[in-house]
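J.: So that you can map any letter, position 245 of the sequence shown is 245 in the working numbering, and since no number is skipped, the others follow by simple counting.
Do not take every clue at face value.
As the list claims (entries may be wrong) - So the derived label-pair ranges between C-beta atoms look like this:
1. Thr169 to Pro133: 32 to 38 Å
2. Leu152 to Gly173: 17 to 23 Å
3. Ala42 to Glu157: 35 to 41 Å
4. Asp85 to Pro40: 37 to 43 Å
5. Arg90 to Asp118: 39 to 45 Å
Hints in this document: simulated from the structure, not taken from any laboratory.
Idealized CB from N, CA, C, for every residue including glycine.
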Amino acid sequence: MDPPERVSLPANFEEVDVDVVVQLIADMMERLTAHNDRIPLAPEGLTRFHSRSAPGISILDYLRRIVRFTKAERSCLLITLHYIDQICARFPSFTLSSLTCHRFVITAIAVSSKALCDAFCTNSVYARVGGIPVGELNMLEREFLRMIDWSLTCTREVLQEYYASLVRTHSAGTYIIVGSESESSLGSDSEMEYEPASRPATPPALSPHSLASTIRVDPAGAPEPPRPPTVEQNMAYAAFQQSHSRAARGGDAEG
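Please put together the full structure from these sequences, using the hints given.
T.: Structural data, given as C-alpha cells:
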C-alpha cells in the first residue's frame, strides 16, 4: 500500500490555514481522549468540566463550529494545548476525556480570545456556539482561571513548538513543515501579537448535539477550592462503573 501523499505546510503557524490547525488539534485531542477514557474515573477526579455523558458531536466538528462562528484565531486554538499542560501539571487528577474535552475547549477559547485578541465575542455567543447555558459558561470560566492561576499568555515560540509537534505527531502523517522560520520571527522573550478578528455572525443553536449538563452546580459567589465529592457525583460515578461493568460482561459473552 502506497504511503499517504504528504502536504507541505508553512514553517510559521501564523501562515497555515486555520482549518489545518483545527485538524491537527482535533487529531491530537481525539487520541488523547481515547487513551484517557480507558482510565477508571474516581470520584475525586470529577470536575466542573465533566458531562454526564459524552457529547454527540466530534471534537473536530466542534472546533470547526467554534472557528466558523467566533472567528477564533490560530493563536487562541494553539494556546489551548498550553492550558492543558498547565492544568495537568497543577492538577494531576484532571484528564482530558470525552466527558471533559468539549467544555474545556469552548472555555479555553473564550478565555484566550479575551486575553489575546482586540475583538472577541460575548459569553452569550460562546455559550450558544458551545451548546451550553451562558450561566454555566460563566461558572466554567471562573473555574478555568482559577486552575491556570490566571496565566493566560505565553511566548510566540511556545505556540510555534506546539504547532511543529502537532505536525510531527499527526496520526495519518499527512502533513510536513517545509523550510525554516523567517527572520522576522519574534524573539524568545517577546509576547505574542495578534490581528483583531472580525465580528462573527450569530450562530444557530447546537441542537441536537447540545452538551449534556455538568455534574457539578456552581455555588454562588467566587469559585471555591476543590471539595469532597457530592452525593450526586458519587451517584454519577456509581452509574459510570455499572455501565462499564455491563459493557465488559457483554464483551466477555460475545467472546
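J.: Of the numbered hints stated previously, which ones are contradicted by the structure, given in increasing order?
T.: 2, 4, 5
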